[in-house]
Every structure is written in C-alpha cells, then in structure tokens.
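*Asks:* Chain residues, written in single-letter form:
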Amino acid sequence: MKRDIILAGVGGQGILSIAAIIGTAALDMGLHLKQSEVHGMAQRGGDVSSNLRIADKEVASDLIPRGKADIVISVEPMEGLRYLPMLSADGWLITNSKPYVNIPNYPEIESVYSEVAKVHRHVILDAEKIAKDLGSSRAANVVILGAASDHLGIAFETFEKAIRTIFHKKGNAIVELNINALKAGRDFAAKNSIL
Amino acid sequence: MQKLLLLGDEAIAQGAIDAGMSGIYAYPGTPSTEITEYVQHSREAKQKGIHCSWSTNEKTAMEAALGMSYAGKRAMVCMKHVGLNVAADPFVNSSITGANGGIIVVVADDPSMHSSQNEQDSRFFGKFAMIPILEPVNQQEAYDMVAYGFNLSEKYKVPVLMRITTRMAHSRAGVARSASLNQNEMSLPSDLRQFVLLPAIARRRYKLLLNNQDAFEKEAETSAFNRYIDGSNKKLGIITTGIAFNYLMENYPDRVVPYPVLKIGQYPLPRNMVEKLCKECDEILLLEEGYPIVEEMLRGYLDNSLKIKGRLDGCIPRDGELNPNIVAVALGMEDTKGLDVPALVTARPPALCAGCPHIDSYVALNEALSTLPAGRVFSDIGCYTLGALEPFQAINSCVDMGASIPMAVGAADAGLIPAVAVIGDSTFTHSGITGLIDAVQSNSPITVLILDNGTTGMTGGQESAAQGRIEALCKACGVEEEHIHVLRPLRKFHEENTEILMKELAYKGVSVIIPRRECIVAIDKRMREKEKARIAEQEA
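Going line by line, the protein sequences match chains A and B.
Heads up, the first sequence is in our numbering, so the first residue is 1 and it goes up one at a time.
Heads up, the second sequence is in our numbering, so the first residue is 1 and it goes up one at a time.
Just so you know, the hints here were simulated from the structure itself, not pulled from any lab data.
Treat the hints with care, as some may be off.
Covered stretches of chain B (in silico footprint by chain A; criterion: 3 or more residues with CB under 8 angstroms from a CB of chain A, positions within the stretch not fixed) [said to hold, decoys possible]:
1) 31–41
2) 161–174
3) 320–334
4) 456–464
None of the values given here were measured: they were computed from a predicted structure.
Glycine included, every Cβ here is placed at the ideal spot set by N, Cα and C.
From just these sequences and the hints, can you work out the full model?
*Replies:* Structure below.
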C-alpha cells in the first residue's frame, strides 16, 4: 500500500493542519510516512505545498516523483491546478472552490473551474459554506480532508480518532465540529465525485 | 518506545537533548530555525537546564558555543548556510583552537534558494576548516549523528560540522530515540593555552589539525554512515551524498540498485571506498545535493582520468536541488509527468501580509522620495525585502544581513545624496549597528529607517534582541537625538510621517527613523497562545 499526496494552498491557509490529521492516522495504522513542508518566505501569502507520502514499507524520497501522486488535495482551486504535473493519470484532484485572491491578476474563476472539470477524477466543493452550515468556517480544511478520505487507504474511523487526538485539548465542541466536518466532506464527495 | 514524527531539524534537536548537550546557540534562518525552537519548547530540555536563547547573530552564537566547549560541556550552534559566512571567522579558527567539550556546528543549506539569496554548499567550509563533516540521509540518521558527532568531536578535540539541506530540515519522518545521556561536568582544557591563538601556539595547533587528517579519513572509512553497497553491473558506479541516496532508491521500487553504490554521510571522503568504486566501474555517476564538490575532487584539474557524469558535464543540472526525476533521467530512465499546468495558472509570489506595518512605512517612504530620481534605497534581509515587489518597488538592494547601512554610506560617498537604508529591528542588532557607527563616523548624508515590528518576522516570529532599545542604541552609536524619530506606521498618520521623512531626507547628516508597530502575525500568535492558556486554565 502507498499513497502519495500533494497538499496545496496559499501560505497562511493552514494546509499543514490537514497533513497533521493524515499523519496521525497513518502512524496509528503503523504506516511509514514522510512529509515535506514549506517554511520561510513562501509562507507570506505565496503558493505553498506539502508532499505527504504514506506506505506500508519505508519511504525513500521526501519528494514525490512527477506524475506519480495519487491525489492532490487543495484548499484553493487555482493552487490545485498548479500541481497537475505531479498527479498520475488516474489520480484524484480534491479541491476547495473558493478562490483566495491576493494577487491582482487572478484568473477568471469560471475558467479555473472549467480547468478543474477537465481533470478525469475530481471533486470540487465549497468547503467554507459546508463548514459554516455546521457551525464554523474554520473547519473548512477538515471538510476538504473528508472529501478526500475515501482515497487515502485509511479507514474513516481512524481519521475520526486522529481528530479526537489532535483537537482534544480544544474541547469537546471543537472535536464534534471537526468530526461533523469530516463526515460532511465525505458525504459530499460520495454524491458528487466526477469519475 | 514509539517513534516520534519529527522534522529533520527537530530530529537533530532531540538528538542533541538526548546526547547530553548543555547549550544551543543560534540566530534564526530558514531552513535551520526549527532546531533551536524545538529545544526552546521541549519540556525535557527545560528540566535538564539546557541553555537555549537566541544569539544576536551567527558569529556570537559560534563564539558562545566555543566558550561552552572550552568549559568542557557539549554545545551545538545552528545557522543557515549564509549565516556561516557571518560566523566564518570563529568557525575556521575553532578548527585550530580545537574543542574541549564536544561541539557540533549545524548548517542548513538551501539549494534551489527557496528562502535564500544563494545556494552555497557548506561542505566547502568544512573542507576549508579541515574538520569532519556529517551529512545525514534521513531523519533517523540526523538524530543518531548528533551523539556520534559529539563523541567524534571529543575524541579528536575538534568541532564537527553537520550539514543538512532544506528537504532534510523540513521533512518529517519517524525517529526512534536512544538512551538519554547525562551532560558533561564542567572541566577546563588540560592546556589552558589551547585556545590562545598567538602565532607560536597557533602553528603548533595547526600542525596537530594537519596530523589528524589521516585519522579523520580513517574514521570515515569505518563509519556506519558511509556504505559500499555492491551491485552486479559494473558498467556504472554511483556515489551519493546526503539525501541524494533517497532519490536514487526512489527509482528502484524494490530498493535494489543493479550498480555498485557508495553512500556518503561522513567526510573527509573514505578514500579506499572511492578508489574501489572507481577501479571496479567503467563510469561514475555523482549524485550530490549541492555543489559538485566530490565531483570536482574526482575529476581533478585536468579531468582526464575517469569517466564521470554529474553536474559538471550537464548530466545533472548545474544548479538547484535534486529530485527523483532528475536522478531518473541521469540513470537513463524515462521521465514521468502528469498533465501540464493550465496556462491560466499565474504566479503567486509571497507578499507583505494585509495590515503589515511595513506597508504603511513603504507608502510613506515612496511619497517622501517621489520628487527625487529613483534608485537610492538600500535594503536588507527580512519580510520588508518584499518591498522590492509590486506594488511598492521601494527598494534597490538586498545583499546580506546588515548591508543596507554601509551600502547607503558608500553610495552617498559616491554622490548619491540623500541615500536611504531600510533595515528591520532584528537585522539591525544582528549586524546593522556597526554600519551605523561607520555612518556617524563619516557624518554620511543618509537616512536610516529601522522598521521595528518587535520580532524576527520572516522566520516565524522569534524574539528580537533590539526589543525596546533601538533609540538608545542609535544614540549610543552617536546619532544626534533630534535626528532620531519614532513613527506610528498607520494610514491615519501618513501625512505626518511623510513630512518627517522629507525633513530628514533633506538633512545632510545621519538620521534614523523608527516606524514602530507590532508584526500582525506576532499579534495573532500572541492572541492564540493567550487563548490556549485560557482554555488550559479553564480545564484545570
């Protein structure tokens, strides 16, 4: 078993919070993992990505070879497209639909969506709205993870457990919010996956 | 014990905590910052009384570590690659003084310049200082090398350089810990003149260092970090250094390479292993994460004895970090790639945060300078370097820590009057002060802006040594009090701030303007920590 995951977004959007949940779940399953992160200059509103690799045997490279990623999980639609060269032909693009506009020349959003639609297997969702309906838009990243959860080779319950482990200190309400967000993301993907 | 999931930086820190380190000294710099931060946040380090506050710059960090080593204890000093330029004087001389307590200098290089102004390879510095170099292949080795490195340092009484690169520093993997060692007792060197580098003593110490070179090489021959892995196909032999080994392995899913491989993790190079590989194989492929250092050594000046492939013949790009695809192509394998990036995807360069105080400072500075020809603003290393980009285009230089003020002085000497320097509070104490003393000394017609956001922002908000002392420091450097102004960089004070700037730009001597407002990321971090503490208290 191996899953090579690209996490994408803009510096400050908190993609590493998604990595932390997947990482905790993978460790719980006794899997090997390597996770390369971006720190430093790009964190100031630039494009950021993380290479997360989980496998049942030791992982060699910290970086995923181009064209070999199983899934790109993006918290921003244009940023998901940036990593298409990394994605394998039958890989999944799971992306938030809400653009993060901090540049003057951000492309027309409808054309971004039509590029997403060209990817053979993809899910696009308004994670903020789904999270807000559950109580707080701050759980948006977990909604996106939920939408990806079927493709990561990890049981859904293991993700739930990881969320309990990570958010435990923030109180029960936050734990429940995030578990609901995970479920909502999964349910959305089950109904709206484009194959 | 369960494995810990650690960044390479954190593995080094945990390794040092477990290996009996008594103090860590550093100035923040990507990708090295998390080593010291990990020690600062470690409860164990606190219980063990490990010293872990930030130093003013890399030079003072290196010197403090040397002092701790003199007193017999184990010390670590951490910096990014360009930080070693700042610390070069004590670093190179420490190979002559030698060590007493073990000392490891960790330098994090940044090939591909993710967050740096060059991609210099610190192994050159290690070779220059003639000390052993360790270069881990993964997070576990990074952890294990620290205890090994301290022992090596104490065995030969010499500092050891540990070189890592960005992808090692900022990648997480499982790390198994070893037993925790006690710290050394304080003990002075047996020869109290060991560290006195008067020429007569230095000559003796230098000979000792030279005499140890063979022993360092022998250590490398038997080191577990250097491995000769035989392969049946001798048409090619492969030498990997550091994490390049992982990119090689990535291309063989069963992890068996048909060619002999020499995996290097400790220098000086193990000569016998290198010789064996070169004798047995028709051709040698060099995979180095960084400059072609081993490649140059093997080629020699005339480059006519061996068939070598690497960065110097174009087999591998001459610059930038390696990755699995570059290595695949070098091995003659097929390159892989998914879909192309759609044409509409545009670059998203880093930018100053919304609400950043530097924005107001640059808007005011640009207006104050609007009547003068452009091209007179010398700047420095920090978040404010982003002022070079749209929409500000406010600065004309970024070279090295502290360069802004002396460059303004030099340009003013050449007739560019007024010249302006823009520097941050932490960079100012790092190495801007000496430039300011020069400026006062020559009564240069320059205006210095010290953007005081109360933190070392770009590296994630570490404590700044300048905290609350900038005016006093400037006054002590000799800047006249009436030409030191503290501003509030806020839109509502824009006119007032611009006016003060214009007045000081017209002054034919040294002025210092200090726009002061806390970094908004730092405020956010402070608030979140407060909230965390509140919840913890509530639960208790």
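*Asks:* For each hint, tell me whether it holds in the structure or not.
*Replies:* Verification of the hints:
Beta-carbon proximity to chain A at under 8 angstroms applies to 3 residues in the stretch 31–41 of chain B; the threshold of 3 is reached and the given coverage holds. Restraint check on the stretch 161–174 of chain B versus chain A: 7 residues with Cβ-Cβ distances below 8 angstroms, three needed, restraint holds. For the stretch 320–334 of chain B, the stated coverage by chain A is satisfied: 4 residues place a CB nearer than 8 angstroms to a CB of that chain, which reaches the threshold of 3. Judged by the Cβ-Cβ criterion of 8 angstroms, the stretch 456–464 of chain B is covered by chain A as claimed, because 3 of its residues qualify and three suffice.
No hint from the list above goes unmet by this structure.
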